[in-house]
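Colleague: Those sequence lines, one after another, are chains A and B.
The first sequence runs 1 to 101 under my numbering.
The second sequence runs 1 to 620 under my numbering.
If you are wondering where the hints come from, they were derived from the structure by calculation, not from laboratory data.
Being a predicted model, the structure only gives us computed values, none of them experimental.
Be aware that a few hints might be false.
[As the list claims (entries may be wrong)] If the Cβ cut is set under 8 angstroms, some of the chain A residues that face chain B in the computed set are:
| no. | residue |
| --- | --- |
| 1 | VAL20 |
| 2 | VAL23 |
| 3 | LEU24 |
| 4 | ARG52 |
| 5 | ASP92 |
| 6 | VAL93 |
| 7 | ASP94 |
| 8 | LEU98 |
| 9 | LEU99 |
| 10 | GLY101 |
[Claimed, not checked] Far from chain B by the CB rule (all over 12 angstroms, computed), these chain A residues:
| no. | residue |
| --- | --- |
| 11 | LEU5 |
| 12 | TYR8 |
| 13 | SER35 |
| 14 | PHE47 |
| 15 | ILE48 |
| 16 | PHE50 |
| 17 | GLN53 |
| 18 | VAL63 |
| 19 | GLU73 |
| 20 | ALA79 |
| 21 | ARG86 |
| 22 | VAL96 |
| 23 | ASP97 |
Every residue gets a Cβ at the ideal spot worked out from N, C-alpha and C, and that includes glycine.
Spelled out from the first residue to the last, the chains are:
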Amino acid sequence: MSVPLGAYLVLSAALFTMGVTGVLVRRNALVVFMSIELMLNSVNLSFIAFARQLGRIEGQVSVFFVMVIAAVEVVVGLAIIIAIFRARDTVDVDDVDLLRG
Amino acid sequence: MGNALPVLIIVAPLAGWLFNGFVGSRLPRRLVGVIGSGTVAVSFLLALAAVRRPEVAGGGWTVTLYSWIAAGGTAVPFSLLLDRLSAVMVLVVSGVGFLIHVYSMGYMAGDPAYSRYFAYLNLFMASMLLLVLGGSLLTLFVGWELVGLCSYLLIGFWFVRPAAATAGRKAFVVNRIGDAAFLVGMIALALEAGTLEFGGVIAAVPDLAPAAATAITLLLFAGATGKSAQLPLYTWLPDAMEGPTPVSALIHAATMVTAGVYMVARLYPLFAQAGGTLTVVAVVGALTALFAATIALVQWDLKRVLAYSTISQLGYMFVGLGVFAPEAGMFHLTTQAFFKALLFLAAGSVMHAMGGIIDMRRLGGLIRPLRWTALGFILGALAMTGFPFFSGYFSKELILERAYEHGRGGLLLLVWIAGLATSFVTAVYITRAAMLTFAPPPADRPHDVHPHDAPPSMAWPMAVLAVLSVFGGVLGARSAGAPLLGWLRAFFGLEAHDTGPPALLTGLTVAVGLLGIALGSLAYRGRRDVGLGAVGVFFERHWGLQPFYDHVITGGARALGTALAEVVEVRVIDGAVNGLAALAGHAGGALRRVQTGYVRHYAAAILGGTVLLLAYWLLR
């Protein structure tokens, strides 16, 4: 038996929505970060699902790119979070509002 | 080489200007003066050589230097034109100019800015010669503006004196009014005639509509009223007497102020084509002549008397032009250059002797210490009053004769009557000036002033000018064949009036002058103050024009300026600028609330934007 495409897409959308919600409502920078990863991987899931369904390779290639970029982003993002923590002793994103107009 | 001659006439004083202007201050004064005068002498000699060329007496000698403006179908070459008319002007300008340069060497001997003075004077000579020799109206205009600049520089030569600086500015501003009209007229002429070269303009005259010709000539004449100090733009000339006296003699009596007369004579066929303009010229000239003469009657400053007298004599020249006798106007221009320069130089000699005193109430009895100066002044005065067989007699008499012929039986006879009245007033005021200055009793003279007659460098130019003032009339005397008038008539295409005036007319003109002299000598004999009562006050107030100018024109301009500065500037211009700044400030203040600094708000904004875009894309 095979899982229909629609199920993958529903799961992908659900994961993406969770990621967005996490980014918007959580205050801990690390959790926000994890939510971003969730969004990226939900997109990866739909890429894979479409690639499989259509029998084409481009979707899988894109996923590799996304994974590489995500890995790089994690490095940079964690470095920023550590720098913020060192400077302000907190990882609460609501405390980081220097750019308020 | 031959073609370079007219160019060199201009270049010589120009070189003197550069030399004296740049290195003159480091050189001995004697050298500066010799170079200043020498370059003008070179101009005069070159002019003498140039006017002998056959082309000059023929159609005119045009020297095209280069193509100045070439735009589309319009081409304005930079050209010089030496013909019968400009030949007369070049000789008068460079000749009288040379004499006044020599005089200046003595007069300005003690001035710290000696080289600057000669640099300006040489620049003026070059500009004036360019004005006179210009082959197109545009070239003439360049010279016209340059002499205006030199006039400004020289009136304000002693610029540390506020009166001199103000007078210079006034001359500049008042001339600007006339020049603006001149410029408009010139542009209109270029559009109508298609060219500004004198030859082309004259050739195009028959095709011009009379209305267009009238408008153009009236505008050009408005420019002439500014430069030649006629009503209503005469006010700057009396104030211009703040400059050194030789400057008054050269620029504000003999040469620059006659530029307006020259310009009208230059475009005479155009003015003749325009219906009413020449009548306007004649009426303005006659009115100015009488007006300025009456004001001269009540002045106490000797130089101001001569300034108003210059305005008055320029009026005569315009009368000559206006009654279809341009050769008479040009003749009077020439003789006036002689005798008015002489009068001014004599006045300068008085100032020189008296340590700068020029108020006639403090002069008097100077005939004894200043014998030669007094003689020069009296000869010049006699020439101006038209005393028989002096130079002014021939030229003024000719103008009045032609004015009479032109106006006989019509309303324009008033021009002649005004001219005759002016002749009388002229005789009275110049006699008054001579009596107050030279005749006893001496005024209470300051004890530290010891009048002495002029040094040779000042005396010789006066002597030459005195000879010219006395005998210059032969240029236009019928018994001598009137060489100058014949020369000019050929230029204007007029036939000679060989019949001569009716004896009664000449007699009347002479009698009026003699009557004026007699009255002046009797009235001011042994007396210093002759009250003219209400009439004198009327004259002093410039026939009521002075209050009008002071309150309406100057006051109006001042009020307008204040209004602009305090209302328009502050409210409108500053208001617009400040308003824009305030708008940007308020807009920024409102929009800064959007910039919360919270990452999640930005993320939400991105999300919302994406959703909206997707919705639009899906639903459209």
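Colleague: Looking back at the numbered hints, which does the structure fail to meet, lowest number first?
Modeller: 4, 5, 13, 22, 23
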